[in-house]
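Read off the chains here:
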Amino acid sequence: MISAKRIWIHSLVGAAIAALSSSVTYAQGSPVKIGVLATLEGPFAAGGADGMRGAELAIRERGGVVAGRKIEMIRASSNANPDVAVNAVRKLVEQDKVDIVVGPLSGGEGIAVKDYSKSQPSMTFINGGSGAQATTLVNPSTNFFRFNTEGAQWMVGLGKAAIDKGYKRVMVIAEDYAFPYSQVQGFMTEFCKLGGKVPVKAWVPLGGKDYSSVIARIPKDVDALLVVLGGADAVNFLNQYEAAGGDKPMMGGSITVSQDVLNYRGKRRDSLVGTISAGPYADSFDGADWKTFVAAYQKNYPVSAGGYPSPSLFALVYYTNMKAALDALDAVKGDLSAGQAKYRDALAKLELRMPTGTVKLDSNRQAIGTTFVTEVVKDSQGNLTTKVLRKVDNVDQLLGLKKEEFQIGSRDVPNCP
Amino acid sequence: MKLADRQWGLLIVGTPIVFFSSWAIFDNPRLYFVTLLNGLTLASLYFIVASGFTLVFGLMRNVNLAHGSLYLLGGYVGFMIAEKSGWWLLAVAGGFLSAALAGLLLQVFVLRHMQGQELRQTMVTIGISIVIADLLLWSFTAQVHQMDPPIWLQGPIRDIPLIKAYSAYRLSLLVFGIAIGILLWWMLTKTKVGAMIRAGVDDRHMLEASGVNVDFVFAITFMLGAGLAGFGGVIGAVELSMVPGEDTRLLLASLIVVIVGGMGSVIGAAVGSVILGLAETYGLAYAPTYSVVFTFVILVLVLAFRPRGILGRPA
Amino acid sequence: MNGHMDRNIGLRSQRSESPKIHDASRPTSLYDPYADSDAPRWLKFLWRNLSPRHVFIFIFLIAYPFIVSPFFTFQVGAQSLVLGLIALSLTFLGGYGGIVSLAQMSIAGIAGYSLAIFGSSSTDISLGWPWWVALFFSILIATGCALIFGWLSVRTEGIYTIMITLAFGVAFYYLVLQNYSLFNGFQGFQKVYPPQVFGVNWRDPIPFYFIALFTAFLGYLSIKWVIRSPFGIALQGVRDNPRRMEALGFNVIAHRVAAYGFGGLIAAFGGVLLVWYNGLITPGSVNTGWQINILVIAVLGGMGHPIGAFVGAVVFVLLQTFAIDIIDRERFNLVIGTVFLLIVLFSDDGLLGVWTKLSKRFGNKIDFPQSAAQTQRK
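Protein chains in written order, with our numbering: chain X, 1 to 417; chain W, 1 to 315; chain B, 1 to 378.
Treat the hints with caution; some may be incorrect.
Claimed, not checked - With a straight-line Cα cutoff of 30 Å, these simulated DSS-like cross-link-like pairs (lysine-lysine) come out:
| no. | chain 1 | residue 1 | chain 2 | residue 2 |
| --- | --- | --- | --- | --- |
| 1 | B | Lys-191 | X | Lys-97 |
| 2 | X | Lys-333 | X | Lys-193 |
| 3 | X | Lys-168 | W | Lys-164 |
| 4 | B | Lys-191 | X | Lys-342 |
| 5 | X | Lys-403 | X | Lys-160 |
| 6 | W | Lys-84 | X | Lys-201 |
| 7 | X | Lys-299 | X | Lys-387 |
| 8 | X | Lys-220 | X | Lys-168 |
| 9 | X | Lys-165 | W | Lys-84 |
| 10 | X | Lys-97 | X | Lys-209 |
| 11 | W | Lys-84 | X | Lys-248 |
| 12 | B | Lys-44 | X | Lys-403 |
| 13 | X | Lys-391 | X | Lys-378 |
| 14 | W | Lys-164 | X | Lys-209 |
| 15 | W | Lys-164 | X | Lys-220 |
| 16 | X | Lys-201 | X | Lys-165 |
| 17 | X | Lys-33 | B | Lys-191 |
| 18 | W | Lys-84 | X | Lys-299 |
| 19 | B | Lys-360 | X | Lys-118 |
| 20 | W | Lys-84 | X | Lys-378 |
| 21 | B | Lys-191 | X | Lys-402 |
| 22 | X | Lys-209 | W | Lys-84 |
| 23 | W | Lys-84 | X | Lys-197 |
These are calculated hints, taken from the structure and not from any lab test.
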């Protein structure tokens, strides 16, 4: 005969187990699915691969768990085409049922994903690497967050550095699309204000590799060339420029002075010393957080496993955004219920500690961060490397201008011939 | 005064060119002549790659849209050889041979079985080019590869009147182009194999009937055509660098050259490449925003009024 | 005697025997209850031309969105229908006109851009006209451009046609990429959505699926009707032997240009649906990659029958969406390329050709008429 006591004890134990397991299920948590979208094919394939590594690094740092929930990273790929990016995000959201989306990589895709995010108000979208100004300045979305600074912000400080070097007339050589427009704007806003002049802007069609015509147009009376081309294209340009007998000093955009340029083996190598440029990070920055980040990247992704010798821009931005996603999840203890409203609140208020400093968001959910102005120097072994000239903090998207004065960069904006 | 069609054509095309040139020379002579040289040297690169394509199509009516991939393959192989051995000439030979071999395999195992089915060949070679491009992307990653020119071609040639300085390597492209052109002309007109190729272009069945091993001739021609693409890949790698996407660009350029100049004619390829090279460089120098549109509009106009190309013959 | 009219009657091939009256490939019902009766013509027509498989497919298509998830309805179903419609224009031109045009995606793009410019988007350039006005003008402009392209391309053949149409496509791509005053360059137009009509948001998965289905169905039926009409028959004659047709008094050039125009009309509708599906249009929507993709879709499915375009589109969309789940994320271009290559190598007519071979081997159920490629082989 089963005594009442036994029943009582059994039910107590049963209830306890039930309570424990439900709270354990809550604390253990269903895994949190984070979809990561990067360009794994097309022109930015290499950058996309590194971006994935950066995102993964942020997850690995936490041992794959956040707020007691396991993190499941689901990858998606695009090819820098906005329609492909939207299809990929839609699959992540509707088919793979992710909780958070981190991505995309390229500017045009970012605008398209931002528009899509408006149709999914209970999902949170965090940028990956896209740096178009319009994403957060024109029709911003309340559930799209960008924790990385964008192209124009990356060039703040370079204008002054140019004037300090004595460059009063500069020719711009850049590719003809949105990202270089923003970079040139970031430079010119300061440069023109301080009295500099830009008499010629040569916009090279996307994908063109033949710079002979541009080189032929370089006027005799400019002091320097602002070259906003990718690292490899810049080397191409340098080769062709040197072969054509050119000798003007160069300034670089944020992706210009890369390892490719620093390993340049041409005759004009020495004249590269003194090249100034600006961007969201500097290889030689000696901040403790930066060094930790670089070490972690190199440990997890050695060159033999396909990583770069030092994390690229894409690794940094994806790492930053993923870290923001995870830090905010920590802050709400993994609670993504009720349309993720609490989570988005936490994101908006987050003061993110990332490898190059602290990042806060402005009212459009755009990052306010740090920019580095760098210069190329020769080290003791004769190799070219960069050193930090100046660190500019609290760079905001309006570049210090008032909202009414600010215009998004284009071929003709800004202008000071 | 009654003018023949041809003379009308020359007049309509020539007049704006004369006007433009007079203005340009007056405005900035250095720019005009540098651009002229740029255009001719670019044309030489296009000619080398396109001549292979036109040989293959002209003789065998084989549409090989994997021609661009062969360019890329030759370039990457040449790059690897240059890295390992440091000999640029060896790299050039390597690029030529690897592409020729790939071309031979393509012809023997795939295209030979689809003789006469143009559309199917187009589709198959498109498929092959997608596969080769992705395989190359896998092996070499999307990083851009830069190749150095040989020491004896580095640096500018100085003290040229008016132009002041010009890239030695780029000028050598012109030399290469002319050399290849002369070699091809010599081979086609003065050798037995060349005679067989020309006969095959005119009438394949007759050639077969006269006892020539046509399959062998075709294989040689295809190898030559593919090898030229690979050779172009290596020399282009120095000037324009190796990156996924170059294959489509060069394929498009070859197609334009061959269509504008006329399929099956090496002189046509020369004419076409000069037109394309000059149009591209002058467009980039004087009207960069719409330069590419301009290039394709030229193609459309040529095809609209001379559907077989300028020097093409009816089938 | 009026029996079943052969789909490709008469001038199908130079080696043809007398035109077939009874098409043995169509499942004939031995029992025709309406023969010689006074039943209305449409009933007779339906009974003779429909078969159980048609009805089954029809029911499946209607029920599909209610069986599967919204994702499958929208991203797989609707996208296949839209891409299939654009590829259908190529199947018509290529399979029945002998014209392989790579410019169909560009025509679709012209319609899409016109809609964005005349209608409403997130850019100031848009004029904000009412949707049906914008729609009307988009279709008109795109068809007009198709006629112009056609007129310029009409004297070319074979690879030259491929080239000139590819050139149109690339020129259009660079035009919209570089021009900011009209086409908004690299950015393109965002937020181009279907209108809210009768209180329904037509961009929701199920409504949009039904518009796409309806338009695709109309397109399919119109193609099937045109190819049996005198114009269509003459066009196939022009495809097979232009000289003979010219000698018979047909205006070959006019027929071809008209074919381009009709194909352009179909592609224009596809382009409008595409921009509504994507909600945006940028130069990336009309680049060389997409031009080739449409060709891949048409060839993959098979150019012998209009349904091939939709078959190809379904396979393409499934591959695009799910290949990255099956294989290493970065290599799925390899997968698509290999699948395509295998199908083109081993089948004369894409997937429909594979189906025909298989069904011949395992029974004589359904057969598709000989492909244009087969009939053209001299």
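Now the hints, each set against the structure:
1. The straight-line distance between the Cα atoms of B:Lys-191 and X:Lys-97 is roughly 24 Å, inside the 30 Å bound, and the hint therefore holds.
2. For the suggested pair X:Lys-333 and X:Lys-193, the alpha carbons sit about 47 Å apart, so the restraint of at most 30 Å is broken.
3. Under the criterion of a C-alpha separation no larger than 30 Å, the hint pairing X:Lys-168 with W:Lys-164 is consistent with the structure, at around 26 Å.
4. Only pairs whose Cα atoms come within 30 Å are accepted, and B:Lys-191 paired with X:Lys-342 is accepted, the gap being roughly 28 Å.
5. Of the pairs offered as hints, the one joining X:Lys-403 and X:Lys-160 holds, with about 22 Å between alpha carbons and a cut-off of 30 Å not exceeded.
6. A distance of roughly 40 Å separates the Cα atoms of W:Lys-84 and X:Lys-201; the hinted pair therefore is violated under the 30 Å criterion.
7. A hinted pair counts as satisfied when its Cα atoms are at most 30 Å apart, and X:Lys-299 with X:Lys-387 qualifies at roughly 24 Å.
8. Annotation: proposed proximity of X:Lys-220 to X:Lys-168 holds, straight-line Cα distance about 13 Å (limit 30 Å).
9. Between X:Lys-165 and W:Lys-84 the alpha-carbon distance is near 41 Å, which puts this suggested pair outside the 30 Å criterion.
10. For the given pair, X:Lys-97 sits about 42 Å from X:Lys-209 by alpha-carbon distance, which is inconsistent with the 30 Å threshold.
11. A hinted pair counts as satisfied when its Cα atoms are at most 30 Å apart, and W:Lys-84 with X:Lys-248 does not qualify at roughly 33 Å.
12. Restraint check for B:Lys-44 and X:Lys-403: not satisfied, since their Cα atoms lie roughly 71 Å apart, outside the 30 Å limit.
13. For a cut-off of 30 Å, the pair hint linking X:Lys-391 to X:Lys-378 stands: about 20 Å separates their Cα positions.
14. The suggested pairing of W:Lys-164 with X:Lys-209 holds, with an alpha-carbon distance near 23 Å, which does not exceed 30 Å.
15. Taken as a hint, the W:Lys-164 and X:Lys-220 pair is honoured in the structure, with Cα atoms around 13 Å apart against an allowance of 30 Å.
16. Our distance criterion of 30 Å between C-alpha atoms is met by X:Lys-201 and X:Lys-165, whose separation comes to about 20 Å.
17. Restraint check for X:Lys-33 and B:Lys-191: the C-alpha separation of about 28 Å stays at or below 30 Å, so the hint holds.
18. With a C-alpha separation of about 29 Å, the suggested pair W:Lys-84 and X:Lys-299 falls inside the 30 Å cut-off, and the hint holds.
19. For the hint pairing B:Lys-360 with X:Lys-118, the CA-to-CA distance comes to about 52 Å; that exceeds 30 Å, so the pair is violated.
20. The straight-line distance between the Cα atoms of W:Lys-84 and X:Lys-378 is roughly 27 Å, inside the 30 Å bound, and the hint therefore holds.
21. Proposed proximity of B:Lys-191 and X:Lys-402 is supported: the alpha carbons are some 28 Å apart, at most 30 Å.
22. Between the alpha carbons of X:Lys-209 and W:Lys-84 the distance comes to roughly 26 Å, so the proposed pair stays at or under 30 Å and holds.
23. Restraint check: the Cα-Cα separation between W:Lys-84 and X:Lys-197 comes to about 47 Å, which exceeds 30 Å; the hinted pair is violated.
When each numbered hint is compared with the structure, violations occur for hints 2, 6, 9, 10, 11, 12, 19, 23.
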